[in-house]
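*Asks:* Each chain is listed here by its residues.
Protein chains: 4
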Amino acid sequence: MQIKVGVIGATGYAGAELVRILSAHPHAELVALTTQSYGGKAFCEVYPHLYKHVALECRELDLPALAEQADVIFAALPHGHVVPVAREVLARGKKFIDLGADFRFDSSEVYEQWYKVEHTAPELLRQAVYGLPEVHREKIKTASLVGNPGCYPTSVILGLAPLLRSGLVDTGTVVVDSKSGVSGAGRGLSLGTHFAEVNENFRAYNVGVHRHTPEIEQELGKLAGEEMRISFTPHLTPMNRGILSTIYAKLKREMTLEQVRAVYEEFYRSEYFVRLLPPGILPQTKAVAGSNHCDVVPVVDPRTGRVVVLSAIDNLIKGAAGQAVQNMNVMFGLPETTGLERPGLYP
Amino acid sequence: MQIKVGVIGATGYAGAELVRILSAHPHAELVALTTQSYGGKAFCEVYPHLYKHVALECRELDLPALAEQADVIFAALPHGHVVPVAREVLARGKKFIDLGADFRFDSSEVYEQWYKVEHTAPELLRQAVYGLPEVHREKIKTASLVGNPGCYPTSVILGLAPLLRSGLVDTGTVVVDSKSGVSGAGRGLSLGTHFAEVNENFRAYNVGVHRHTPEIEQELGKLAGEEMRISFTPHLTPMNRGILSTIYAKLKREMTLEQVRAVYEEFYRSEYFVRLLPPGILPQTKAVAGSNHCDVVPVVDPRTGRVVVLSAIDNLIKGAAGQAVQNMNVMFGLPETTGLERPGLYP
Amino acid sequence: MQIKVGVIGATGYAGAELVRILSAHPHAELVALTTQSYGGKAFCEVYPHLYKHVALECRELDLPALAEQADVIFAALPHGHVVPVAREVLARGKKFIDLGADFRFDSSEVYEQWYKVEHTAPELLRQAVYGLPEVHREKIKTASLVGNPGCYPTSVILGLAPLLRSGLVDTGTVVVDSKSGVSGAGRGLSLGTHFAEVNENFRAYNVGVHRHTPEIEQELGKLAGEEMRISFTPHLTPMNRGILSTIYAKLKREMTLEQVRAVYEEFYRSEYFVRLLPPGILPQTKAVAGSNHCDVVPVVDPRTGRVVVLSAIDNLIKGAAGQAVQNMNVMFGLPETTGLERPGLYP
Amino acid sequence: MQIKVGVIGATGYAGAELVRILSAHPHAELVALTTQSYGGKAFCEVYPHLYKHVALECRELDLPALAEQADVIFAALPHGHVVPVAREVLARGKKFIDLGADFRFDSSEVYEQWYKVEHTAPELLRQAVYGLPEVHREKIKTASLVGNPGCYPTSVILGLAPLLRSGLVDTGTVVVDSKSGVSGAGRGLSLGTHFAEVNENFRAYNVGVHRHTPEIEQELGKLAGEEMRISFTPHLTPMNRGILSTIYAKLKREMTLEQVRAVYEEFYRSEYFVRLLPPGILPQTKAVAGSNHCDVVPVVDPRTGRVVVLSAIDNLIKGAAGQAVQNMNVMFGLPETTGLERPGLYP
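Residue numbers (full-length UniProt numbering), protein chains in the order written: chain G, 1 to 347; chain A, 1 to 347; chain R, 1 to 347; chain H, 1 to 347.
Errors might be hidden in some of the hints.
Note that identical chains are pooled: a pair holds if it fits in a single copy or bridges any two copies.
Here are the simulated DSBU-like pairs of lysine-lysine, each with C-alpha atoms no more than 35 Å apart in a straight line [to be verified]:
#  : residue 1 : residue 2
1  : Lys250    : Lys139
2  : Lys4      : Lys52
3  : Lys250    : Lys52
4  : Lys4      : Lys141
5  : Lys250    : Lys116
6  : Lys141    : Lys52
7  : Lys139    : Lys52
8  : Lys252    : Lys222
9  : Lys222    : Lys250
10 : Lys222    : Lys41
11 : Lys41     : Lys94
12 : Lys94     : Lys116
13 : Lys41     : Lys52
14 : Lys250    : Lys4
15 : Lys94     : Lys139
16 : Lys52     : Lys252
17 : Lys94     : Lys252
18 : Lys52     : Lys222
19 : Lys222    : Lys116
20 : Lys116    : Lys141
21 : Lys139    : Lys252
Treat the hints as calculated values from the structure; they're not laboratory data.
In isolation and in its complexed conformation, chain G is listed as follows (with noise of 0.2 Å):
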């Protein structure tokens, strides 16, 4: 099988990636790479690393021509756009994979408080499935619109879905810190992104007001059965790819390492890209950089009675392309890690 494959705003960093890893999946065949900002141009010559492996141009978006063209589109623009793209991708009978927020909420209220802008397909809503694999396959396998998840709520679900499966933990005291790569932030230009502002520097940022937050809680809830409300502090650190989430929360009764680790390792039996590291090692970024692994640590600590989870991804991968592939594999009824198989870059 030969899966026919578009990608609109391929020329940021998420879409880059995607075009990367894309070109070198068995099984798909890039056939569009649309960008506002590079009409008419080798893509290699904005992105070099792909000189002599990606030989498309990038062009400007005619959707028709790509719905057409493509058996599935794949879409990493800026919140708010991507609706009608979705329309019209779903009326030809494609598939869609969204890289942004707009189809990742059960409730267009809940996207309208955080995001500040409208829904104009609550519709597209309750037909989207939330893009996380090891918590909603079954649904993604027929699905024809996935809301990929974000990068930060990767590593938080996927690091707190066991205990909260479980019921073993207050769902009132967690607490996540989490601290990315300044890849996450996009290739747009800021003073944020700017390298000396950044490097040798470490700050939190939008704290208590991030738009992960309620994505967060919406897919916690939906694990723990009840409703949640969590702090969640994002940090920039100054390297360019990964996440780190070191999340806290109070067990609901003394558990040892042991039980806590052997609910884990029966959660994550069967996946193949959550790794329960061994005793003794910790997650970090550079383990995962450059791969769709997400190497998820519990720590019990006695004194406190809280359970400390350090979850590692690559945003740019985990966190956004690799997991897009890694759901349109569900989707097309490939095996999951295909494309998606090799270790990452070290150190």
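Using the hints, position chains A, R and H against chain G.
*Replies:* Just chains A, R and H now, with coordinates in the frame of chain G:
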């Protein structure tokens, strides 16, 4: 007044930073720099940034001579090695400022439990003052023996002191998530400080068991007037200098941001080194790098009822050498800012 | 003496560094900080490291008022915008130090050829002095108009001056390979200064066509007493501050390292800021970061008959703001090191 | 075909990179990973990025068993330790690829002069082939013993080969200024690779005396058909991976950029891994990081009559492990790109 100063352990990062600061201090005169590794070598060959600024040679420790020669002695040694030095110095009526952990604890039991060595001078422990001037200034003024605070504890205690002193937070809910640059690990060699292992990497370490935990709990407990147990997770971030602590606690009652800021304003009104940044500006490590400032900002999250405090220091200055010099200034009746007035470097 | 100082273009990196240095200069008083972008904002909100150190607000340029108020005006503006400012300042009998390129050239033709704009004040060019005190100190003492050297040229000219003045190298063989931190590109936004593009990357730019080339050639030529053509390649290295220039030239005759070092020792005997490091220690950018020093070391390669000179500066200090203040000190008869004595930060 | 592969010295950076590449090579089967330091430990505990990808344990070297078991053996050991290994492997009719320096030289005298140890197998030296496929492919095809090139030499030889083979540059004028990431120094501990010493620092080392100098001169000399002496200066840049070499030479006669580019196009027409980038795009280390490519671009400077060649590689891949696998492919008659086709990671 010229204070004659000796530095023991001068060639580690904290020691070298002491030398740098003291070399430009208008009322200090460096009389001896001792080291185990570089005896006989010019100090500025070990640290070429001080070429033309420091003419002394490194020498091996001759304690009686040193105690005779100096008015005050700083030690930047691994824990467990300082007691005999302190004894000798104090016996000769000189002052002693220890940058290590041996004189930070009220209780030798707590020290021994966390540091796994016997404390051989509990009587000195009783005499020692915890050298955080913003909290213990009056005692420091008359102290001969000061235990200079750890880097993480400095950032955390200054971050929480106003809230705890006022009894505004639920002490059982405190979670501290700290991130440090690599110089905090010292100049010694280990795989954990190898450039290629740290660069483009972010990781936690010593989760729940870091030795700064009881030091933080001791001082927070004194401020709160009750025993405290906190969750404390240190992380290594790929930069040289700086600590950012993100501190979470439940407010006992609903408070506005303005009310919380007013508590901080009141508490730090007359402190030069602690800066409550204006609304809208968050602490970042780069803004304090190279200075003795601690930047603090509380954020109120009404959704969760938590306050999130951000606190930033330069781990080698306010977290070590700068604070030690600040203590010296207090002990000798100098203006507290002497030799420490300069702003940091940016970017 | 208190010198009243105005800074035009104060919110770029070079401008902010001027403000930082001057805020701690014992004989300078900042009277106005002008900027195009932040009018009305407190300077320390734009640069929070200066909170509590600089109380001035940014304001838009009112040239007559500024020229009236200040004894000396520094401008850190893009080239081509400074002539009218200089005219006005000089007309009122005040001194002017330009950190840009408009007053660095002896010949307006050379300037126009490389900078692609007309020079509208050749008569001021004749009056201007090239502000490298180690070479042109006597002229600077009586100058009203100083063209502060570029960052690369400072490192290169100081690196080669002793050899050229002595006529020891074949001037046709000079190759200069320079590496700069990112702050040299300023605080403006461009893909080339985006963190994720620079970090973990090393690249050359403007190969053979960088505008500092003619400036270097002009000054090297004067030292050599003949016209010079050099190869100059600048590179961007993933760090904030610092330039290292590696300079190659054929020796006219065989010389030992001792003989070459003797030439440097003689040339820089009475210079405080230039440091000929002891044998066995090579310049590195970290050893000068935060200081006004230029570290220089020549190496003789008997196999090839070449001398290789390493020269390191902090591009924002000796390469810009520090040198400008050094020039101010010379122009006002102050000790040259005033406000610039502090060693840099390490690590 | 499945090639059975053993790796000696598998836990250094070059060794681990071999393991990573070979673990995904469709015609290679890792049979043994030997190490001095981690015997008995799972390889993926030493390198957690390979968890779930490499199941082998590290073991101590049992040479006869290894030589029996494997079809080809790679060694990533310090120089001077490989001769007995090579003897044993070759005696059993297996192939040997050495990533160290012991089999790179035509002359044992040159080796001994620069490496300060005796070469105990000059007869093997005569048998060995210098493993740069783009230059010596035919000999590699039939070789049993390959000396894999050094990282710097790979970048320099590929950068200059077209010009030297064509006799276009004055061989006495070649100056090579190379910049390397830190992984090139290996995983061993030293102050020179301590994070805080390297980060925010740029420095040269081994000026004029680096051991890659004679290796470069040997190969350049063969291409030029005459003995060559070059100036070579390596530098350490604060990043993990990548080498950029900036190479200067006088053209014998005036040439246009187009003429020079035509020489490169012709020379590299059928090479997959060497990429002559399109006009206007310069090599940068990030564009080759994670891949086996060498990006090369010549620039002509008519002002000085010099050509400046930029050449970029990933030091651990094309500069070490990737090139070694490329050699294996050639030696076993596989398509040269097998296991090496993937593009690198960006950013």
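*Asks:* Now, for every hint given, state plainly whether the structure supports it.
*Replies:* Hints versus structure:
Taking identical chains as interchangeable, the C-alpha atoms of Lys250 and Lys139 lie at most 35 Å apart only when both belong to the same chain, with a minimum of 31 Å there against 38 Å between chains. In the homo-oligomer, the alpha carbons of Lys4 and Lys52 lie at most 35 Å apart both inside one protomer (20 Å) and across protomers (30 Å), since each shortest distance falls under that limit. Proximity of Lys250 and Lys52 under a CA criterion of 35 Å is satisfied inter-copy only: 31 Å between copies versus 52 Å inside one chain copy. Proximity of Lys4 to Lys141 under the C-alpha cut-off of 35 Å is restricted to the intra-copy arrangement: shortest distance 18 Å within a copy versus 39 Å between copies.
In the homo-oligomer, the alpha carbons of Lys250 and Lys116 lie at most 35 Å apart both inside one protomer (33 Å) and across protomers (28 Å), since each shortest distance falls under that limit. Taking the shortest alpha-carbon separations for Lys141 and Lys52, both the intra-copy value of 34 Å and the inter-copy value of 25 Å come in at or below 35 Å. Taking CA atoms no more than 35 Å apart as the test, Lys139 paired with Lys52 passes between copies only; the shortest distance there is 27 Å, against 37 Å inside one copy. For the identical chains of this complex, Lys252 and Lys222 are neighbours both inside a copy (18 Å) and across copies (29 Å), given an alpha-carbon limit of 35 Å.
Proximity of Lys222 and Lys250 under a CA criterion of 35 Å is satisfied in both settings, with 19 Å inside one chain copy and 25 Å between copies. Taking the closest pair of Cα atoms, Lys222 and Lys41 never come within 35 Å of each other, the shortest separation being 45 Å inside a single copy and 40 Å across copies. Taking identical chains as interchangeable, the C-alpha atoms of Lys41 and Lys94 lie at most 35 Å apart only when both belong to the same chain, with a minimum of 27 Å there against 49 Å between chains. In this assembly of identical chains, the alpha carbons of Lys94 and Lys116 lie at most 35 Å apart only when taken from the same copy (29 Å versus 53 Å across copies).
For a Cα distance limit of 35 Å, the shortest separation of Lys41 from Lys52 inside one copy, 15 Å, qualifies, whereas the shortest one across copies, 40 Å, does not. With identical chains, the CA atoms of Lys250 and Lys4 are never at most 35 Å apart, being 47 Å at best within one copy and 51 Å at best between copies. Proximity of Lys94 to Lys139 under the C-alpha cut-off of 35 Å is restricted to the intra-copy arrangement: shortest distance 17 Å within a copy versus 53 Å between copies. For the homomeric pair Lys52 and Lys252, the shortest alpha-carbon distance between copies (33 Å) is at most 35 Å, but the shortest distance inside one copy (56 Å) is not.
In this assembly of identical chains, Lys94 and Lys252 lie within 35 Å of each other by CA distance neither inside one copy nor across copies; the values are 46 Å within and 53 Å between. Proximity of Lys52 and Lys222 under a CA criterion of 35 Å is satisfied inter-copy only: 30 Å between copies versus 45 Å inside one chain copy. In this assembly of identical chains, the alpha carbons of Lys222 and Lys116 lie at most 35 Å apart only when taken from the same copy (24 Å versus 45 Å across copies). With identical chains, the CA atoms of Lys116 and Lys141 are at most 35 Å apart within one copy only, with a shortest distance of 31 Å there and 55 Å across copies.
For the identical chains of this complex, Lys139 and Lys252 are intra-copy neighbours only, at 31 Å inside a copy versus 43 Å across copies, given an alpha-carbon limit of 35 Å.
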